[in-house]
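*Asks:* What follows is the residue order along each chain.
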Amino acid sequence: MTLKGGTSQACASCKYQRRKCSSECPLAPYFPPEQPKMFQNAHRLFGVRKILRILENLDSPQKEEAMRSIIYQANIRDRFPVHGCLGIICQLHFQIRQMEEELRAVYAHLEMYRQQQHHQIEALTEDVPSQLELGMALPQPCLAQQYSYYMGSNIGYSSSFLDSNENVGNSLWGQHPYAMNNNTNSKPVIQSQLVASQPLSTQQEVVQDYDEMHSFFDIIDDRQSYIETKEPYDSSSEESLKDTTQSMEHVAENELKSAAACFSLTSVN
Amino acid sequence: MRNHEPRASSSCAACKFLKRRCTPNCIFAPYFRSDEPTKFAKVHKVFGASNVSKILIEVPEEQREDTVNSLAYEAEARLRDPVYGCIGAIALLQRKMVELQVDLAIARARLARYAANSPPILNDHGSMIPNFAEFPACGGLVDNHRLISVTPDRTESSINIPIRLGYPDSMASS
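Chains as they are written, first to last, in this note's numbering: chain C, 7 to 275; chain X, -8 to 165.
In short, the hints are calculated from the structure, not lab data.
Among the hints, erroneous ones may be present.
As the list claims (entries may be wrong) - List time: in silico EDC-like cross-link candidates among lysine to aspartate or glutamate, alpha-carbon distance up to 20 Å:
1) X:Lys87 to C:Glu107
2) X:Lys87 to C:Glu62
3) X:Lys36 to C:Glu62
4) C:Lys56 to C:Glu30
5) X:Lys36 to X:Glu52
6) X:Lys45 to C:Asp84
7) C:Lys43 to X:Glu49
8) X:Lys87 to C:Glu106
Extracted from the complex, chain C is given alone in its bound form:
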């Protein structure tokens, strides 16, 4: 069906309903005529009246976001007629749990390596009892503190991440009577973070993430820079450890020499 005197086609909504598509058709911007399936999915799930009812109380920018979510939801329902979006949510929840477990395992493994290095350093510091016998006070606490600070900062980072994510998870999820029981222990709940009381900028940010995933790669760049900044600190701590060890060995040698000289002068039968 074409508009009289116009070159533009009727939107998919009006085509489907076989009616005239006016210039003020509220659904025309969202259902182009070359994508009939998109409207069919939305119509099958919501229906035109329900869609219009959702839109009537929203502002113009919110309308666009709402239509995008409606179309997305309808398409998901078309592909997953039984579980729809709830199945996707359960799936994502399960995957997130798996990744969190894997992350915990990696952190545990990292901790083992750190413990191993800590023991090695302790073994090095215990290797100089002769200097204590000679009355030399060695800066052992400083060395131990420096390395423990490094380990503590990393452990703090990992544990704070886990804690913060658990808190986020708890705020996202709760009990819902209609949720399906999947492999997860907790039942997914309707997210309450995106409510009308939140500023529109927050919603736009989330929608941008939902629509365009490119912003997430900025996060990856920030993390890489974090690794680079940590590396010099790692090397500096290792170098200071080597320096201290070498200086201790040098002192020990000198003390032995002076002790030997004293002994030779005061030999007793």
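Take the given structure of chain C and dock chain X to it, following the hints.
*Replies:* Leaving out everything else, chain X in the frame of chain C:
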């Protein structure tokens, strides 16, 4: 004399809401019990009884309960958040998953560095603990940090991992 048969109060929540007689073949009756009136009310408000009925007819009977529960969930989400509905939850979960991927990549890189510079760690039995960095990451469940296209399964009995969903623009041509 007329026999007044006792009225059976067996109308389902849907027929009560729609104020119609609940027949023995009512498609809503098994899933919208009379003690859950709000469940159907929400579903009806968002999707409409006619659409729900058509959706239920198209799925196998043994999967209708799951279908109704997912529709009820989506309806409630849409009522709470008219703009995003349940899609907001999906977006948040996606973002969280990407963050986890990043953290996992960083941790694995750090572990590989440790493993390269340190002697192998032995367990209590003296056997070497395998290097975790050599293990494949999480079964390759997430790809490209987005939900990508799915293989349609009209007879789904379970959702297989991984799933791939297209964005609205890419799905419109189907």
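*Asks:* All the hints need checking, so say for each whether the structure fits it.
*Replies:* Verification of the supplied hints:
Distance check on the hinted pair: lysine 87 of chain X and glutamate 107 of chain C sit about 14 Å apart at the alpha-carbon level, within 20 Å; holds. Distance check on the hinted pair: lysine 87 of chain X and glutamate 62 of chain C sit about 32 Å apart at the alpha-carbon level, beyond 20 Å; violated. A distance of roughly 14 Å separates the Cα atoms of lysine 36 of chain X and glutamate 62 of chain C; the hinted pair therefore holds under the 20 Å criterion. At roughly 18 Å between alpha-carbon atoms, lysine 56 of chain C and glutamate 30 of chain C fall within 20 Å of each other, so this suggested pair holds.
Using a Cα cut-off of 20 Å, the hinted pair lysine 36 of chain X and glutamate 52 of chain X is violated, with the two alpha carbons roughly 24 Å apart. Between the alpha carbons of lysine 45 of chain X and aspartate 84 of chain C the distance comes to roughly 13 Å, so the proposed pair stays at or under 20 Å and holds. Distance check on the hinted pair: lysine 43 of chain C and glutamate 49 of chain X sit about 17 Å apart at the alpha-carbon level, within 20 Å; holds. Taking the CA atoms of lysine 87 of chain X and glutamate 106 of chain C, the gap is about 10 Å. The hint holds against a cut of 20 Å.
In terms of the numbered hints stated before, the structure departs from hints 2 and 5, listed from lowest to highest.
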